[in-house]
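Participant: When you get a sec, could you build the whole thing from the sequences and use the hints?
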Amino acid sequence: MNQHNNLHRMLASTLLVLLTFLFSGCVSTDKSNDELECRPQTSEECSTEEEGEDRGYDPCLVNANLPVCKT
Amino acid sequence: MDEQELRLQVAEVAGTWLAALTVVIGGLFGVFQYLEHKSAVRVDRTMAFVERYHSDGLLLEARLKISNSMKLHVGEINKLLTDSTIKPELLAKKYNDEINKLIETDELYGPLEQILTFYEQIILCRELNLCDVAVAEQFFDTDGRAFIRTFYPYVCHIRDQWNNPAKFDRVLAFYVRDSNTLCKI
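Line order of the protein sequences matches chains A and B.
Read in order, the letters of the first sequence are residues 2 to 72 in this note's numbering.
Read in order, the letters of the second sequence are residues 32 to 216 in this note's numbering.
Derived from the structure by calculation, the hints contain no laboratory data.
All values derive from a computational prediction rather than experimental measurement.
There's no promise every hint is true.
In silico BS3-like links for lysine-lysine, alpha-carbon gap of 27 angstroms or less [as the list claims (entries may be wrong)]:
hint : chain 1 : residue 1 : chain 2 : residue 2
1    : B       : Lys102    : B       : Lys125
2    : B       : Lys132    : B       : Lys96
3    : B       : Lys118    : B       : Lys96
4    : B       : Lys125    : A       : Lys71
5    : A       : Lys71     : B       : Lys110
6    : B       : Lys198    : B       : Lys96
7    : A       : Lys71     : B       : Lys198
8    : B       : Lys124    : A       : Lys71
9    : B       : Lys132    : B       : Lys102
10   : B       : Lys102    : A       : Lys71
11   : B       : Lys198    : B       : Lys215
12   : B       : Lys69     : B       : Lys124
13   : B       : Lys69     : B       : Lys102
14   : A       : Lys71     : B       : Lys215
15   : B       : Lys125    : B       : Lys215
16   : B       : Lys198    : B       : Lys69
17   : A       : Lys71     : B       : Lys132
18   : B       : Lys69     : A       : Lys71
19   : B       : Lys198    : B       : Lys125
Here are the simulated distance ranges between beta carbons [said to hold, decoys possible]:
hint : chain 1 : residue 1 : chain 2 : residue 2 : range
20   : A       : Cys61     : B       : Tyr65     : 38 to 44 angstroms
21   : A       : Leu20     : B       : Leu155    : 37 to 43 angstroms
22   : B       : Leu66     : A       : Leu20     : 53 to 59 angstroms
23   : B       : Lys69     : A       : Asn7      : 20 to 26 angstroms
In this text, a Cβ means the ideal position worked out from N, Cα and C, and glycines have one as well.
Facilitator: So, in structure tokens, the structure goes:
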């Protein structure tokens, strides 16, 4: 009878440990999954026409002899 | 030892192993979740930079001003770069002068400071392992490299003017492999 109690106690402890780990694992993931969107005060600046397309120009595509292209 | 005792002993041993296994699995699961959480936070931080790049008023204004200036002067710059009469050893100096003249004419000092500081911040974020390297690379490196290749004469000019050879060193060294010799022309 005593051994039965020990077994039950051990199984209960095991279950408790398992639940603790599972719970701590589940709550560790960040819930903030908000979609990025334009803030109201700047929403008018989000059109592609106004994004400031300065990204395209690369002098190395015109002349690769510039020192900055060789390094 | 009768059969009942034997069964209890087997159950006790099995229970102990089960508990140990549970602890290990739980621990691994916790570690995995923690690492995943850290990775998600890094991506979120990088996306905050992307959001700033595309919607921050000052940054957008700076990019537009540079973009408009480039539209006006790209013909002259290309003409200079493709001029076969210019000796290769003089090309860099002439390019530097042309870009610095453009910056002075169109008053691009402020916008360039804004953009270069922004690129320095995202590079610092990557170097400190606070931002996701792969995401930042996809969003910023093509633009950043082209931008530095175009406007590095400004960095050289400002270093010379302020007697500060380390000015914007982080961003220049990040995008140009041998950046130490770049301004020595």
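Participant: Work down the list of hints and note, for each, if the structure agrees.
Facilitator: Going through the hints against the structure:
1. Lys102/B / Lys125/B: holds (20 angstroms)
2. Lys132/B / Lys96/B: holds (15 angstroms)
3. Lys118/B / Lys96/B: The given pair, whose Cα atoms are some 32 angstroms apart, is violated under the 27 angstroms limit.
4. Lys125/B / Lys71/A: holds (17 angstroms)
5. Lys71/A / Lys110/B: Holds, at roughly 20 angstroms.
6. Lys198/B / Lys96/B: holds (23 angstroms)
7. Lys71/A / Lys198/B: With Cα atoms ~22 angstroms apart, Lys71/A and Lys198/B stay inside 27 angstroms; holds.
8. Lys124/B / Lys71/A: holds (15 angstroms)
9. Lys132/B / Lys102/B: holds (15 angstroms)
10. Lys102/B / Lys71/A: Satisfied, since the Cα-Cα distance of roughly 26 angstroms is no more than 27 angstroms.
11. Lys198/B / Lys215/B: holds (15 angstroms)
12. Lys69/B / Lys124/B: violated (46 angstroms)
13. Lys69/B / Lys102/B: Violated. Lys69/B to Lys102/B sits at ~42 angstroms, over the 27 angstroms cutoff.
14. Lys71/A / Lys215/B: Holds, because 14 angstroms separates the two Cα atoms, which is no more than 27 angstroms.
15. Lys125/B / Lys215/B: holds (14 angstroms)
16. Lys198/B / Lys69/B: Given pair Lys198/B, Lys69/B is violated - Cα atoms ~32 angstroms apart, limit 27 angstroms.
17. Lys71/A / Lys132/B: holds (24 angstroms)
18. Lys69/B / Lys71/A: With a Cα-Cα distance of about 38 angstroms, the restraint between Lys69/B and Lys71/A is violated, given a limit of 27 angstroms.
19. Lys198/B / Lys125/B: Holds, at roughly 22 angstroms.
20. Cys61/A / Tyr65/B: 38 to 44 angstroms: Because 43 angstroms falls inside the window, the suggested range holds.
21. Leu20/A / Leu155/B: 37 to 43 angstroms: holds (42 angstroms)
22. Leu66/B / Leu20/A: 53 to 59 angstroms: The hinted range 53 to 59 angstroms is violated for Leu66/B and Leu20/A, with Cβ atoms some 22 angstroms apart.
23. Lys69/B / Asn7/A: 20 to 26 angstroms: violated (41 angstroms)
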